[in-house]
Structure formats: structure tokens, C-alpha cells
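K.L.:
Whenever a hint applies, use it, and build me the whole structure from the sequences.
The primary structure of each chain is shown beneath.
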Amino acid sequence: MNIPNITSIVIFLPLIGALLTLLAPNEKAIKWSALGVTLITFMVSIGLFLGFDPAISTAAAPQLADLSSSWFPGQFDIKYFVGIDGLNLLLIMLTTLLGPIVVLSSWTYIGKHHKPYYTLLLVLQTGVTGVFASFDIFLFYIFFELTLIPMYFIIGIWGGENRIYAALKFVLYTLVGSLLMLVALIFLGYAAGDAVNAGVFTTDWFKLVSFNMPLEMQGWLFLLFALAFSIKVPLFPFHTWLPDAHVQAPTGGSVILAGVLLKMGTYGLVRFCLPFFPNAAHEYAMTFAILAVIGIIYGALVSRAQSDAKKLVAYSSVSHLGFVVLGIFAFNTEALQGAMIQMVNHGISTGALFLIVGMLYERRHTREMADYGGIAKSVPVLTFFMVLSVLASAGLPGLNGFVGEFLILVGAFKSDVLASPFLVALATTGVILAAVYLLYMVYRMFWGTIDNEANETMMDLNKRELGLLIPLAALMIILGLMPAPFLAKSEPAVKNLIEVIETKRAASLSESVVTIETDVKSTSLTTN
Amino acid sequence: MQPDFLIKLVILLPLVGAAFNGLVGLFAPSYRKNEGLIGMVATSMVAIPFFIAVYLFVGFHGDPIIVQAFTWMQAGDLTIDFAFRIDQLSLLMTLIITGVGGLIHLYATGYMHGDDGFWRFFAYLNLFIFMMLSLVLGNNLVVLFLGWEGVGLCSYLLIGFWYKDLKNSAAANKAFIMNRIGDFAFLIAMFILFKEVGSLNFDAVLAGGPGMDQTWINWTVLLLFIGATGKSAQIPLFTWLPDAMAGPTPVSALIHAATMVTSGLYLLARLSPLVLSAPTIMAIITVVGALTAIVAATIAITQNDIKKVLAYSTVSQLGYMFLATGVGAFYVAIFHVMTHAFFKACLFLGSGSVIHSMHHVEHELAHDGHGHALDPQDMRTMGGLKKYMPATRMTFLISTLAIAGIPLLSGFFSKDEILFKAFEFGYDGHLVGWFVYGVGIITAFLTAIYMTRAYVLTFEGSPRWPHSDSIHPHESPWTMTLPLWVLAALATVGGYIGLPAVLGDVNWIHHWLAGEGGPVAEFAAHTHVSHGLEWALIAIGSLIAILGVFLGWKWYSSEGIGFDDKISARFGGLYKLWQGKYFLDEAYDKAVVRPLIGSAHHAFNPFDKYVVDGLVNAVGFFTRGSSFVLRYMQTGLVHSYAVAIVFGVVLIIYLMLF
Chain A
0 MNIPNITSIV IFLPLIGALL TLLAPNEKAI KWSALGVTLI TFMVSIGLFL GFDPAISTAA
60 APQLADLSSS WFPGQFDIKY FVGIDGLNLL LIMLTTLLGP IVVLSSWTYI GKHHKPYYTL
120 LLVLQTGVTG VFASFDIFLF YIFFELTLIP MYFIIGIWGG ENRIYAALKF VLYTLVGSLL
180 MLVALIFLGY AAGDAVNAGV FTTDWFKLVS FNMPLEMQGW LFLLFALAFS IKVPLFPFHT
240 WLPDAHVQAP TGGSVILAGV LLKMGTYGLV RFCLPFFPNA AHEYAMTFAI LAVIGIIYGA
300 LVSRAQSDAK KLVAYSSVSH LGFVVLGIFA FNTEALQGAM IQMVNHGIST GALFLIVGML
360 YERRHTREMA DYGGIAKSVP VLTFFMVLSV LASAGLPGLN GFVGEFLILV GAFKSDVLAS
420 PFLVALATTG VILAAVYLLY MVYRMFWGTI DNEANETMMD LNKRELGLLI PLAALMIILG
480 LMPAPFLAKS EPAVKNLIEV IETKRAASLS ESVVTIETDV KSTSLTTN
Chain F
0 MQPDFLIKLV ILLPLVGAAF NGLVGLFAPS YRKNEGLIGM VATSMVAIPF FIAVYLFVGF
60 HGDPIIVQAF TWMQAGDLTI DFAFRIDQLS LLMTLIITGV GGLIHLYATG YMHGDDGFWR
120 FFAYLNLFIF MMLSLVLGNN LVVLFLGWEG VGLCSYLLIG FWYKDLKNSA AANKAFIMNR
180 IGDFAFLIAM FILFKEVGSL NFDAVLAGGP GMDQTWINWT VLLLFIGATG KSAQIPLFTW
240 LPDAMAGPTP VSALIHAATM VTSGLYLLAR LSPLVLSAPT IMAIITVVGA LTAIVAATIA
300 ITQNDIKKVL AYSTVSQLGY MFLATGVGAF YVAIFHVMTH AFFKACLFLG SGSVIHSMHH
360 VEHELAHDGH GHALDPQDMR TMGGLKKYMP ATRMTFLIST LAIAGIPLLS GFFSKDEILF
420 KAFEFGYDGH LVGWFVYGVG IITAFLTAIY MTRAYVLTFE GSPRWPHSDS IHPHESPWTM
480 TLPLWVLAAL ATVGGYIGLP AVLGDVNWIH HWLAGEGGPV AEFAAHTHVS HGLEWALIAI
540 GSLIAILGVF LGWKWYSSEG IGFDDKISAR FGGLYKLWQG KYFLDEAYDK AVVRPLIGSA
600 HHAFNPFDKY VVDGLVNAVG FFTRGSSFVL RYMQTGLVHS YAVAIVFGVV LIIYLMLF
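If you read the sequences in order, they're chains A and F. Last residue of the first sequence? That's 527 in numbering that gives the first Met the number 0, and every number before it is there in order. Last residue of the second sequence? That's 657 in numbering that gives the first Met the number 0, and every number before it is there in order.
Fair warning: there could be bad hints in the mix.
[Stated by the list, open to error] Quick look at which bits of chain A chain F covers, simulated, 3 or more residues with Cβ under 8 Å:
1) 333-342
2) 371-383
3) 477-486
Calculated from the structure, these hints are not laboratory results. We put the CB at the ideal spot given by N, CA and C, even for glycine.
P.N.:
As C-alpha cells, this is what we get:
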């Protein structure tokens, strides 16, 4: 089965769906069209999974690619260029999977302004998918910024009491990073254009990768890019927008935020920072690894101190994504593969945790753990899914979280770049701490006797809610026991990436004389 | 039939049972009342694997059989397969797990009768068997680790089984987190092995591991041992096990006595060639084991809760096993794992039978409106039960004598072998051997005393519960007493597979595990203990046991619980220390738990709120503040802009020129 332009279809189908919801006459039609479109998008995206062959090298071009000619021929080599390779396939699948889940989770949660809500959700999905699928970094940037606007409104309109503050903080914080990235991007486009594209400004990913940047330039550009992505991840100490955004966002917003929006940061580090600036990435690897490990421990401890269940889960993301960043900066296949699969795993298990906290909120209109207690008695099925998600999130072997964490840590431990068993041992304490704060949440909310009458009569999961959680629970088990077929999809791309990094580093270190020459050229270019 | 298929069946059947009872019970509440069906499914899903294991055992030829199921993870140089290994060690463990496990399942169908969570209980119990089998049958460290954490999960679920009482859930959390501390060390040991050896398969680890740098070997073995101290409840991580008694008693018997807590010993036996190449760490292992043995035994003497006595006794016996491991007698540790599984499971199930009928007494008291509160686990309100519960009493007595090391019962042989190996180690010139032998002898004496005390207080003398003249406990149903008899029989004869060397070359378990082609290595002593000396050691061990039982019987049958006061008076502060469990829980609470949680609440959380986020907000505030000032420059007057532009141009030209 070959669908032409399948990648573009997966990206833009939700946008077309957004038009549909805009035209839909009533609430029911809005919801069903949103659900229908996201479901169809997911089904089409299975074609991506089946159509992508990891055996075919993507070193020169992505698979299932759609490519336009340059938008500004002769002046700027900027174009529509999307496709699939091992690095983005699973993240796109995760996005399309969470699409219908987010729609369905909002079914009764969203009580006002249905039309703009579902429309914005669909626009957001196009933005996120586009971010992952872009092979032109300018196009990437457009999609990256496109995700900001719908998320801003989703938090700002359908959020909790303090929603305006949270939404503004989210947008401003991200914007600061991304604008600096834009500056770096333009600079990079010129420099690369000069070196590898006959003097024409280029943002083609493959050309940028082939451009071996002078060492002196790498540091600053790397930092500007990395800052933008670190804010998005969020890496300690740039994380404080996250708990605010999560607590205020409606459930659907939280799921999409934790599930995929944060991954734009870690993905950006892998896709751009590593291959564009390999020397700088190496040089700063230890700094980022230390921040990641601080994030793992710090996020866990702050998580334990929360009394609000949603905030607890939000801080757990800081801790979990610390593992991903650690894996990225270990520069070997094991750790990077771990980071890739961990991005997906985190989306699934944290997504499920946010869904469940949201379901409880819908019933009791509180997220304070103290308002619950002993509810395992009244909602046994919900409890089952909660405990399963908690265990997946805590990295219990046999469930998905373990696979990513184990690969990351085993890889980071043997990493020649980090070369610090002590640091990895510190990171591994996150495994203990995750059990501490997650089991505490279960303890506070689910075990004991019910002392609040409102909890006594709470309804257990309905069919819609079961439909949300069963696919996620199934994936926790499948990815926990049989991650191999999924890992196989990204392995060649990850290996290739590491090879590219090594080759470029080796080349630039041996040709330091040449670098000085190009450096002169690039400075003359900037003064123009 | 093919062993490939059979071993998959052994592992998968308990999982099928768990999934069936668990999911059907969860989603179809009407199924939950079906106790007969639930119990039958669960029990047969353990019993069938037992018979398959017997078949495999009988037909085993000596060469390990590796069964590859499928690839679990693959990334870079790391490949982890779901692969299983059938050899002498894993077969023996499988027999213990499914055999004792099957009996305990049967017992539990009686014990848990009428409980709301009957279905849930058996789902967890089956899941536990699956995880435990993965642990012992896995062919690499990661599959072992899957089982390792999996049994920890089941332990968590079953300790907190009666979740309505938050105390139980707190004990469950404690168990899980303390185990995770051990697992943390286990993980790092795996990282080291992968970095240095390049694989986590047992064959590769055992081939390449001993060739590592000595520092790495030491770290690896030490970290694995720390992992074992968590799972197998050794100093410093043993305090979760007594709390784990909050779980239903069959759980205490299966998980917290017979199987899960012996995982650490299995791990070290499995990796025995590697452990042997770290003699320094072995010294640590044997000393920690010996200290745990004596520390737990002294606590056991002071306990009044029958399950707590057995819990500390388990910790103490596990200490014995580590003592053996640390002197290089891995097969003896496994021997004691087996005999201990028999008599300790029997003791726990016996205590469960007692608790079961004391519950009945408690109900009667409440029913008759006597208004007496009764703790069904407190030995102070028991006594004289032998009249009402003859089967429970007889099996309990047999097991008590077995654990005390009375000659010719199973515990005698395995304990004697441990003490002999410790002695031999000392005789061979290792000072530490003498030390642990001495501690072992004292512990053996204490064991005989506290177990006799528990037996006498429970079954002998006259009843001490209120209205004992009119309210009588009952013997438990056959589903509960049958397993007791089988286990008591095994506790009697199970030791004959490990006859002492003085009788000639008749030690079957030594041949099986550590013989030619066997999976378990051992420390080879250079100087051999003479037969005369060995007989003397056997005599000392026997006398110590007999003396302990005799004294315990004499003291506690004449003076009852009151004799505790005499001991208390005699030992004073020391007794307070034992009674207070060496105040380890309090120390951990002060030194670790409170600082950690306190810092989370009072340092990290405020720091995040006011410092990290405060800085972010300060930047925002500054921006707003500066724009407040700067907006006065946006006057909208063209001439003022022009002036600014002129100044700017002049400045730029100046900068460019100079």
C-alpha cells in the first residue's frame, strides 16, 4: 500500500480537519469530526510505520519525502521539505496516536467554546507533526512557532484559575529561546550557504549536516540552539514554566504538552545540535549531562514535595526528561537509542498519568491529593490503570519506561565522552527517587480508608475513558517486552548520526588550518 | 517433549493464571465470588509447572539447555534476549518455587476464603511465581533483573494487599523503596559488566568477568551484594522484612521466607566464579551475613508477635546463608535455602493456621459482647493450642526442631554444613572464618531458644485468651493442614540430600550443584579438616541445638512469658536494644527519610518556587520595568528621534574609525 505524499497528508490532515470543525454546526459535529480526523490521521500514519524501511539508508535523503522547489530561487534555499527517517518516525507516530486520545479526553472536560478548542487542537497537531517531519530547518522553525499559538490559547482560555499567567509565561519563555535560535539559524544559513551551497543561503538539513563548521563558530551557535531546546525540554534550570503550564492547562493540553511538545526540545537537540555542531556538543556534553542529572534528582525531590497530584506528575517530567538529555549527550548508540525510545515512553506513561489525574479532577474538581484517600475501593479499574502507569513511569522492567532508562544509563556509563561512572551512578538514584514520589502519590490517593463521602460514590471508568487508557496500557506492555522492532526502526539512523558526528569531529580537528581560512570568510560575510 | 516448549510452559502458565484471574476479576465483578474456580485456576497454574519441572529434572543430563524466546532489547553492542537457562541450579530453584509455591497456593485457598480480594490475591500470587521463575531461569542478568524487580512489585502488592489499613500500605512502600536501593546497586553492577565485558549473558559474564581489573571486580561483586542485601533482607537493608508481615500469612511464607528473599543467594551462587575472584568482598559478605544472623536472632528472642518472631528468624537464617556464601560455600547456601524453604514455610503456614483460629476466637469474643480486644498474632494471649489444633501443633513442632538443628532433621544437616564450611575456612588460615564460625554457633543456640519459646508459648501450657473455658479455637480445614504435613515431612527428610563429608562421598547436592560441569563454583580449602575434628564439630553443633531447645522448653514451659522479664533483668540495656530492634528504623528515619523528605519540602520546593522561578519572574519584571522607562523615549516627536539617530550614527562612525 503506497499512499502518495503520505507524510504531508499526515501533517496537514489535522489542519483540514480544523477547517471542518470550524464549519461544523454544533458541538456534537465538532467533536466527532475532530475525533474522526485524528483517527484517520493515525491510521494513515501507520502507513508511515509500514512504509519506512530502516534498511534503506537515510544518510542522503529521508524516505517518503515531499520536496518543493525553493521558495526564493537563487536567493534563499528555503523550501518545503518533509520526510521520514529513523529519528522522527516514532515521534510522529506518538503524535498521531495521542491526537484522538487528546480529543477524546476533552469530550466532557471542555465545557465551553468547543469550536475554537478542537480547531486549535487540530492546528496544534499539524504544527507538532510538521516540527518532527521537517528537513528544512526554516520550515522546522515555522512549525515550531506554530505550535506556540494554539497552546497559548488552550492554556489561556480553557485553563485553571491562574491560566493567563501560565500561558504568558509559557509563550514568553519559549519565545525568548526560539528567537535566539532564529538569529543562530540565519547566521548558520549564510555560513553554510557560503561553504557548501555556492553562496546561496540554505536551511536544507542535509546541506547543513554536510557543512563542517569552523570550531570558533560552533560554540555560540550551539548554545543558542541548545538554549531554545533546553527551555522546551525543559532542562534544569529552565523548567519553571512547565509546572505552571501543566497545572493550568486542561487535561488534553497537558497530555499533548508532556506527550509531544516537550519532545520537540529533546528531538531538536538530537536532530540539529548534535550533527550541526559536533565539536561544541562534545565540548559542552559534560555541562548538559550535569544539568540533566541535577534535573533528574532535583525534579524528583521537588515532585515529592507537591500536594497537587498534577504538579507532582509535571515535576516528574523534569526528572524523566533529564534521563533523555543524559542519553543524548553520551554519544553512543546504546544511550541515544535509549533516549529515542524514552521520548516515546515518556509520552505514553506520563500521558496516561495526566489523563488519569484529569479523570479524577472531572469527578471531584480537585487535584489536591489530600482530598482523595482510599479510592481504590470505589474506583478499582481506575486504580489498576494508575498503578500500571506509575510502575511504567518508575521504570519497572517489563514495562516501557525501563527499556529507555536502562539503555540510556548503560550507554552513558560506557560513554567515552562523559567518562564519569559517578555521574551516571547519581543519575541512577533517580530510579529510587521515582519510586519514592510516585508510590507516595498512590499511597496518598488510593490506599487507606475513604474518609470523604464524595469519594465513596465516585464512578469508576466509563467506556470512553477505558478506550483512552487501554491503548496506552497496551503500549506500556508491548514497548516494555518487545521494544526490539521499534528500536530497529531508529537504530540505523542513530548509528549514522553518531558516525557523522565522529567523522566531522575528526575532520575538523585535523583540518584546523582550513578552519581559520573559512573563519575569515565567514567574518567578512557577517560584516557585509 | 521438547524442553524448549516445556520450559516456556513452566514460565508462562503462572502468567496466564495471573492475567486470567486478574483481568476477569477486575472487569467482571461477578467472577470474584467464584472462589472455587479462582483457586483452582491459580493452584493448577503452579502445580502443572511443578510436575513439568520434575519431568525435566528427572531427564536432565547435565549440560545446560538454553531456550531462546525472542529478542528483548537491541541497541548498539547490547543485545538482551528473553532467553532461559535450564541447569542444575535453576532446576533446583524451580522445583522449590513451584513445589512450595503450589502447596502455599492450595493453603491460601483455605486461608483467604471469604476475603473480598480473593481474586486479586491469587492474581498477584501467580504473577509472583511468574516473576520468580523469570528470576531463576533467565539466561542473562537483565531477565534476572526483570524477575528481581517483578517479585519486588508482587511483594509490594501483597504486603499492601489489605490496603484499607494505611499501615499495610506504608509497609509496602517501605519494602519497595528499600528494595529499590538495592536494585540501584544491582543496576550499576550491570553497567560495569557491560562496559568491561560487553555482554550481560551469564556465560559471557562468567568468562570475562574474572578477567576484569581487580577494582572493577570488587566493585561489581560489592554492588551485587548490596543488591542482595535489599532483596534478601541483610544489614543494612533488612528492616523492611519484619514490616512486610503486614501481608497475608501465605505471602509471608511464600515470598518473605521460602523464595523471594533467597534471590540474593541465588544471584551470588549463579555468579559464584566471579564472586570467588573478589576475596575481599567475600570477607565482607560473610561478616555481614554473620552479623545479620546474630542481630536478627537477638531481636527474635524479644518479640511477642508470632509472625514477627518468624520474620526475624528468617532474616537470621538468611544471614546464615550469606555467611556460607562469603566463605565460598555457595552450594551449601543453596542447600540451606531449600531446607529453610521447607521448615520456614511450614512454620509460617502453621502460624497462619494459628492466626486463622485466633481470629475465630476474636470473633466469638466480639460476638458474645465480652468487649475484649484480642490481637490474634500475639503469643501472650495464646497457649495450650495443642489440644485444639493437633495437626498444626505437630507440624509446627517438627519444623521448630528442624530449624533449631536437632540432629537428623533437615535443618541440622544444612546448618551443620554451613558451620563446618566456616570452620574449614578459618582452619585454612582465614581469620574471618573463625569469627563467623563463633557467631554462627552462638546464633544456632539463640535460634533453638527463640523457636522453642515461640512453640511453647503458642501450643503448650494453658490457654491465656479471655474466656478460654467457653471459647475454643478450631483446627484449620484440610486445604491448610495438608500443605503443613507435606512441608513438615520435607522438613524432616529434606536434609538427606546433603550428608556431611565425614560419611564419605555421599553429598548429593554438592555433586549436583558444584560437581563436574555443575554451575556453582566453590572455595577450595588447602588444608583439610580431619575426620575426628569433623565429628567433634558435628557433636558441638548438635549439643548446642539440644541445649537450646532444652533450656527454652524448661524456662518457658515453667514460667511462661514471664521468663522474658528474667532475661530482661539479666541483660538490662542490651535487652532494650534487642527489643527496640537496635533502633535502626528510628536511625534511618532520622538520618535518611526525614532529611530527604524535609529537604524536598523545605529546601528544594521553596528554592524552585522562589529562587529558580523567582529569577525567571525577575527577568520578566525587569523587562516590564525597563519598558516602563523606555516607553517615555517613544515620544512620537520626529525631531527627538532625529537627534537620537544623529547621535547613533556619530557613535557608530566613531567606533568604526577608532
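K.L.:
Holds or violated: the stretch 371-383 of chain A covered by chain F, criterion of 3 or more residues with Cβ-Cβ distance under 8 Å?
P.N.:
Result for this restraint: holds, n = 6.
K.L.:
Taking 8 Å as the Cβ threshold, is the statement that the stretch 333-342 of chain A is covered by chain F upheld or broken by the three-residue rule?
P.N.:
Check passed, 3 qualifying residues.
K.L.:
Counting residues of the stretch 477-486 of chain A with a beta carbon closer than 8 Å to any beta carbon of chain F, are there 3 or more?
P.N.:
holds (count 5)
Violated hints for the displayed structure: none, as all numbered hints are satisfied.
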